[in-house]
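Asks: Please build the complete structure, drawing on both the sequences and the hints.
Chains as they are written, first to last, in the numbering used here: chain A, 1 to 111; chain B, 1001 to 1116.
Just so you know, the hints here were simulated from the structure itself, not pulled from any lab data.
Hints should not be assumed to be uniformly reliable.
[Unchecked claim] Label pairs and their computed distance ranges (CB to CB):
#1 Ala-103(A) with Pro-1008(B): 23 to 29 Å
#2 Asn-53(A) with Gly-1051(B): 27 to 33 Å
#3 Ile-63(A) with Gln-1084(B): 42 to 48 Å
For each residue, glycine too, the CB sits at the ideal point set by N, CA and C.
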Amino acid sequence: DAKTTQPTSMDCAEGRAANLPCNHSTISGNEYVYWYRQIHSQGPQYIIHGLKNNETNEMASLIITEDRKSSTLILPHATLRDTAVYYCIVRVKVDNNDMRFGAGTRLTVKP
Amino acid sequence: GAGVSQSPSNKVTEKGKDVELRCDPISGHTALYWYRQRLGQGLEFLIYFQGNSAPDKSGLPSDRFSAERTGESVSTLTIQRTQQEDSAVYLCASSPRARGLIDTQYFGPGTRLTVL
Chain A
1 DAKTTQPTSM DCAEGRAANL PCNHSTISGN EYVYWYRQIH SQGPQYIIHG
51 LKNNETNEMA SLIITEDRKS STLILPHATL RDTAVYYCIV RVKVDNNDMR
101 FGAGTRLTVK P
Chain B
1001 GAGVSQSPSN KVTEKGKDVE LRCDPISGHT ALYWYRQRLG QGLEFLIYFQ
1051 GNSAPDKSGL PSDRFSAERT GESVSTLTIQ RTQQEDSAVY LCASSPRARG
1101 LIDTQYFGPG TRLTVL
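Replies: Okay, here's the thing in structure tokens:
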């Protein structure tokens, strides 16, 4: 699986958009980009995933660059409850059992 | 609907004792995963069950670790002769995996294991 690089930490003001970047320069054509988050003392929570096109759901938007070497997770109106560690993961194929989580980005939403 | 549940939520044990951790996946989810997360670190894959196929045990760190799953329901992770380095949060996840489809994994709250 391709490796990902994320900033260690980020701050965001409450009510503003949080933009979390992820670099995956060695991504293969059949690898999907997944985002999860882990709020303190809880299990990871699935947020969104995509292959080529930008995606949006009730939680967030995922913007993937045309060359697919990087992506950005956007939380449009961050709240204090969005404070968490956000993990960007790329997965090579549907039968890949091992979802490797790196260190992620610790997002702190401040009032 | 009900999510993935795990029990106990916390377990404190003495070094050398055996422990059993339980996971109840979401009903209908054919795939079940166990992960370990040490303090301040990312998730470490342990084992994967998919339907009636042989489990993928490639992530188990030693032969002290084993896991079973009854059909497509409950799973138990057993750690024998626990060591202090086994202290971690053990997370279970399930997914409605079907061959050919991209899945998402739904995680339980975890069991925090402390080995004294």
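Asks: Now tell me if each hint is right for this structure.
Replies: To see whether the hints hold, each was checked on the structure:
1. Ala-103(A) with Pro-1008(B): 23 to 29 Å: holds, 28 Å
2. Asn-53(A) with Gly-1051(B): 27 to 33 Å: This hint holds: roughly 31 Å between Cβ atoms.
3. Ile-63(A) with Gln-1084(B): 42 to 48 Å: holds, 44 Å
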